[in-house]
Amino acid sequence: MREDDQEPRERAGPAGGTPSAPEFEETFARWSDFARLARLMLGSDLFAEELTQEAFARALPRWHEIENHEAYIRASLVRLCLNRMRRAGLERARLPHPPETLSPDDLALWDLVSRLAPRKRAAVVLRYYGDLTIDEIAAAMRSRRGTVASLLHRALADLRRELGRD
Amino acid sequence: MTDDLERRLRETLRAVDHAAGEPRRPERPPDARSGAARLAPSRPTARALVAAVLAALLAAGVAVVARRGDDDQRVVADEPNALYEGVGLFVARGERAELCAQGTVDLIEGLPCTGTVVEVTGLDGSDLAGDHAYVRFTGRLSSDGLAIESRELVEAPATPVLRRRDPGAPCASSRPATGVPSGEQLADGLDAIRARDGFGGAWIERPGPRGGEIALEPTGRVDDATLVVAGARDLSGLADAAAQLWRGPICALTVPFTMDELEAVQIATAAFECEGLFRDCVIASSIDEPGNRVVVETLAPSDRLEQAFDEALLAGSMELVELLRPVR
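Those protein sequences? They're chains X and G, same order as listed. Position one of the first sequence corresponds to residue 1 (the working numbering), numbered consecutively onward. Position one of the second sequence corresponds to residue 167 (the working numbering), numbered consecutively onward.
Derived by calculation from the structure, the hints in this document are not laboratory data. Since this is a predicted model, take the numbers as computed values, not measurements. Ideal Cβ placement from N, Cα and C applies to all residues, glycine included. Incorrect hints may appear among the rest.
As the list claims (entries may be wrong) - If you anchor each label on the Cβ, the simulated ranges turn out as follows:
#1 T147/X x G288/G: 48 to 54 angstroms
#2 G374/G x A157/X: 24 to 30 angstroms
#3 S32/X x D354/G: 22 to 28 angstroms
#4 R190/G x H64/X: 41 to 47 angstroms
#5 D469/G x A149/X: 46 to 52 angstroms
#6 E188/G x H64/X: 46 to 52 angstroms
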């Protein structure tokens, strides 16, 4: 995939308007995939669903101008999630899982992931849950490739250090 | 080993996702820029206040600015070609550049621009150090866009400083940490606190680097942080509920506005969001919980908008921030 294909940039063309049903439905069918990403970043079902809907709502007025709808909505969603994480430090604590259904190892690692700083956590979720490339994460977070690599490196170092304390 | 950790991360994140189940996808797609879910008032009292505020604004002679697609209802800037200065995020669009007018918090996080895109002349895409840059500029506003007259590349703006509304207000108690509630306990306990009459805010904080500044604690390291609860009524009830939840320092503060009232103000100001180059527009509206206020960001100063807000909204509940300032 060329780097241009990964950029959530808009394309020239008629502004606004209602997207054609098949084109929009194809992307909206992936609503749950976006909400799952947001849920792991936020640790909240409620806010993940709310912000996913918000990301779609923000894309709609310029739907025909956007070249890569998936990348655009993902980038918008990541930014909304980061804003939400920073604005409300408490909301992160709403872990989206019943702890008894996870193994102790999974629970311990998830607890550490949920303690990462917002941008590190977003990068980890996009990389290890979303299976995105570094370039795709950079596009989603509107960061440079090196910044993302550094975020991931430091996040893994944090996790290794904390795991080593157990 | 890093490889082992990466494998464990993949497995754990999938296990968490699986355990959480299928997200509840809405039956209908969103309305464009409706913000309905985000801005929906949580209680009937807030809804009633929104209706009252909007009615008062309309009575004050301020048209609710139309959103994209309703061009004939837009309120156009009444001082065309006025000279303004400001710092903004400019985005390269081929050989051209555009000003991305969105909220300060959004600006710090960067692209994609989800706010108003303003056409620019006098500044090209090649003037930016990459696909976007922050620029301190002076320029003239007109119905055709922003004509740049001077420009200077600058660093991205700093994160807004958070302060309590009244930094000198005494806290109710300070006690050593004896334990940290689980995520579920914290969420449930805070939900109960938020549902109490008179609730005006709750957050976990540490002292910031400068006097009076605070840092929200988003990382879960809560054992030595302070749980702050704020209320306009029944402060002792809020403090008791906080003490049952939090085994560390607690601060109970009296604030003038409840969260219901702030949400109503936010919703009313968000009704002035619009697309395009119009002075009577709200770029972003957000609740500053520690500050017990609504921060409303506008494209440029608008006496009419400010006066209408002053007359219709709760006095002291809002701070207006302008992206562009007139050059005297």
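Going through the hints against the structure:
no. : hint                                : in the structure
1   : T147/X x G288/G: 48 to 54 angstroms : 30 angstroms, violated
2   : G374/G x A157/X: 24 to 30 angstroms : 25 angstroms, holds
3   : S32/X x D354/G: 22 to 28 angstroms  : 26 angstroms, holds
4   : R190/G x H64/X: 41 to 47 angstroms  : 29 angstroms, violated
5   : D469/G x A149/X: 46 to 52 angstroms : 49 angstroms, holds
6   : E188/G x H64/X: 46 to 52 angstroms  : 31 angstroms, violated
Hints 1, 4 and 6, counting from the list given before, are not met by this structure.
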